[in-house]
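A.B. asks: Residues per chain are reported as follows:
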Amino acid sequence: MTTDLALDLHDVQKTYSGGVQALRGVAMQVRRGEIFGLLGPNGAGKSTLVKILMTVISATHAKGTILGEPLGRKSTLARVGYLPEHHRFPEYLTGRQVVEFFGALANVPRKQRKQRAGELLEFVGMSRWAETRVRQYSKGMRQRVGIAQALVNAPQLVLLDEPTDGVDPVGRRDIREMVHRLKEAGTSVVLNSHLLSELEMVCERVAILVKGKVAAQGTLDELTVGRQRYDVEVDAASAAEGVLAAIAAQTPGTTLAGATFTFGAADPAPVQPLVDRLRAAGIVIRAVKPIRPSLEDLFMQAVTDPTSGKVLTPGAAEANEKESRK
Amino acid sequence: MIQTWALLLDAYRELNAKRLFWFVLVLTALVVLSFACVGLNERGVQVLVWTFDSTVINSTLIPASMFYKLMFDALGIKFWLTWAATILALVSTAAIIPDFIASGAIELTLSKPIGRLRLLYTKFLMGMLFVGLQVSVFTVACFFILGIRGGSWEPSIFLAIPIVLLFFSYLFSVCVLAGLVTRSTIASLLLTLLAWVFFWACGTADQITLMGLQENGQRIKLLETRIRRQENNTRKMIREQATKEGNEPPRVEDITPTMLDERNPALVATRTELSDIRKSRETWETSQRIVLAIKAFVPKTSETVDLLNRVLVTTTDLQNRVNEASESEEASDEVEEQPRQRRRRGGPFADTDANELQLEMRKRSLWWVLGTSLAFEGAVLGLAGIIFVRRDF
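As they're listed, the protein sequences go chains X and R. Mapping of the first sequence onto the numbering used here: position 289 corresponds to residue 289, and the numbering continues sequentially without gaps. Add 326 to a position in the second sequence, counting from 1, and you land on the number used in the numbering used here.
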């Protein structure tokens with residue numbers, strides 16, 4: 001079955017014994033060849049969702065497909081790569097053996113996995129330590145080998161759970177580059193991370209999971225529609241008293257705060273008359289900046305209760321909580 | 327197949343990385359070496375260059391091949407492989423399942439296109455591989471010792487490999503289930519040892535009740551013989567007394583039991599003793615039935631190991647030994663008054679008693695020994711499989 005969606009999920013639910021509702025009807029789509037970010041506070045259900053996709057956990061209810069195949073089908077996993085959070089490789093294996101072993105479990109033929117292991121260890125910058133045992137690896141090295149094992153079966157979809165966890169800045173940059181190269185090769189990548197700045201740098205689309213539900217989903221542009229603006233900063237000293245307020249009053253859609261004019265639009269065209277007026281008045285313009293809310297802003301907005309303005313407590317929803325919300 | 331080979335290769339690598347595996351292997355080598363150091367000559371037992379004179383154990387009474395076979399069975403199998411090496415093997419393998427299902431490790435394997443049951447049972451086989459390698463090395467070495475030192479090339483000793491593996495598999499299945507439920511190496515090890523003690527206790531209770539029944543049966547036979555002899559003697563006395571008194575001696579068939587009892591109070595005591603022993607037999611039989619009913623549901627660890635003895639020492643040999651002992655007892659004057667003491671010189675489980683017990687145990691079919699044990703193992707592994715398949719990790 002072919003589809004342009006690598007992941008197409010509808011109404012994925014998971015209630016653990018004890019009534020903890022980790023997922024409460026997740027609907028999410030990941031396109032083929034895109035880098036998708038999955039974010040949310042602790043206990044939002046991100047790892048649970050990924051584990052359901054990888055058949056590590058069974059869903060209470062789930063509809064959807066993964067690479068065009070129904071969820072939960074083991075054979076599909078031969079085309080999926082996965083790096084779990086806090087993974088533990090057998091300590092007695094070398095980096096190469098780890099990649100080859102998990103390649104064999106993914107049913108990759110011997111000759112192919114030997115070749116892939118070499119290439120991938122090179123790809124993740126671990127070829128020098130390929131014959132060193134995992135027990136001697138640092139956290140960052142383990143992450144790199146983890147990524148290599150996730151790619152050994154040349155997957156069409158890769159799920160990376162906190163791939164930069166414990167990795168130094170250089171390593172993070174390397175991992176970002178790897179993710180970009182995977183995208184260039186046509187692989188869909190789902191990144192599950194707390195590091196919003198990391199996700200913002202690489203992801204084309206994101207989904208924010210809050211208390212087991214998708215609170216927001218789309219490209220950053222889509223998610224920030226209506227919240228983008230232009231800020232024009234001027235040198236207040238170069239303007240006579242009251243001139244800035246007068247210019248603001250003459251320019252529709254503009255607000256003035258201190259020495260900064262703000263336009264509530266993503267379109268730069270309405271900003272031009274303001275610039276003309278400022279320059280005509282001989283006012284020094286310091287900067288004209290398009291302002292787009294960051295992923296962190298979106299995230300904070302998603303996890304903030306709109307009525308109380310309080311940040312929601314971390315954790316999954318309890319069954320009674322769900323009932324009370326109905 | 328790629329996946330199964332990968333898992334088995336990984337199992338080998340894991341074993342290879344375990345120091346305890348090599349430690350046990352070195353200990354096994356030492357046991358084999360000490361086994362090879364012991365020999366038998368006309369004077370007695372020879373250890374390296376020293377000879378310990380013995381009138382009971384020497385090559386004129388016991389053929390060297392039989393000596394080595396018995397030593398292999400009693401020390402090599404029953405002591406080393408099924409006790410010492412098994413405890414070490416359990417210590418080494420108890421971590422297999424808890425490590426396998428540990429957070430961070432299980433996700434990596436479960437996320438591959440391989441069935442959960444296959445994963446679990448391959449891990450089970452991994453534990454078996456540990457013992458399989460140990461027992462194979464031991465048995466091959468013993469085969470050569472038996473051939474070179476004992477002059478008997480006995481391929482049947484290779485049966486020790488499947489038999490010890492079977493024995494270990496009963497325990498390891500419990501270890502797998504306990505490891506899966508508790509997720510703890512220590513807890514699974516302790517629970518397995520506890521289960522082992524229970525299986526052993528069931529086996530021992532079975533042997534005790536069986537010995538009790540045997541003893542009881544022999545006592546009954548003995549008392550019946552004594553009563554017959556006492557009756558004959560008393561009849562003789564009655565007839566002799568009548569003759570002495572000048573009367574016509576009564577015909578034997580005219581002498582009633584009451585007359586005998588009146589004439590000989592010892593006969594009454596013997597009859598009372600026989601009646602008491604017959605009553606106690608009922609208790610033994612009830613106990614044996616209860617023990618067997620419990621045993622039907624648990625693995626027969628000792629009896630499984632004894633299967634090797636069935637091959638090494640044939641039932642005919644065993645029967646001959648028992649018959650020889652019985653004949654010598656019958657010829658002895660001590661038999662009647664000291665019925666068991668002489669036979670028990672080597673302790674309650676030695677000599678004829680032990681042989682008779684073995685003969686009785688051998689009457690139990692292979693199906694009883696292996697079938698019910700494997701049914702237990704299958705049930706335990708089945709339960710482990712259900713838990714593993716259904717669990718969220």
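Read the hints as simulated data drawn from the structure, not as lab findings. Check each hint, because a few of them may be wrong.
Pairs of lysine-lysine residues, derived as DSS-like cross-links and limited to a Cα-Cα distance of at most 30 angstroms, are as follows [as the list claims (entries may be wrong)]:
hint: 1; chain 1: X; residue 1: K139; chain 2: R; residue 2: K344
hint: 2; chain 1: R; residue 1: K621; chain 2: X; residue 2: K114
hint: 3; chain 1: R; residue 1: K570; chain 2: R; residue 2: K621
hint: 4; chain 1: X; residue 1: K111; chain 2: R; residue 2: K621
hint: 5; chain 1: R; residue 1: K605; chain 2: R; residue 2: K621
hint: 6; chain 1: X; residue 1: K183; chain 2: X; residue 2: K213
Here are some chain X residues the structure puts well away from chain R; computed CB gaps all over 12 angstroms [unchecked claim]:
hint: 7; residue: P41
hint: 8; residue: I52
hint: 9; residue: H87
hint: 10; residue: F102
hint: 11; residue: P273
hint: 12; residue: A302
hint: 13; residue: D305
Quantities reported herein were computed from a predicted structural model and do not represent experimental measurements. All C-beta atoms in this analysis are idealised placements derived from N, C-alpha and C, irrespective of residue type, glycine included.
A.B. asks: For each hint, tell me whether it holds in the structure or not.
C.D. replies: Hint check:
no.	hint	result
1	X:K139 - R:K344	23 angstroms, holds
2	R:K621 - X:K114	52 angstroms, violated
3	R:K570 - R:K621	63 angstroms, violated
4	X:K111 - R:K621	52 angstroms, violated
5	R:K605 - R:K621	25 angstroms, holds
6	X:K183 - X:K213	27 angstroms, holds
7	P41	20 angstroms, holds
8	I52	9 angstroms, violated
9	H87	5 angstroms, violated
10	F102	7 angstroms, violated
11	P273	57 angstroms, holds
12	A302	27 angstroms, holds
13	D305	30 angstroms, holds
In the structure shown, a violation is registered for the earlier hints numbered 2, 3, 4, 8, 9, 10, in ascending order.
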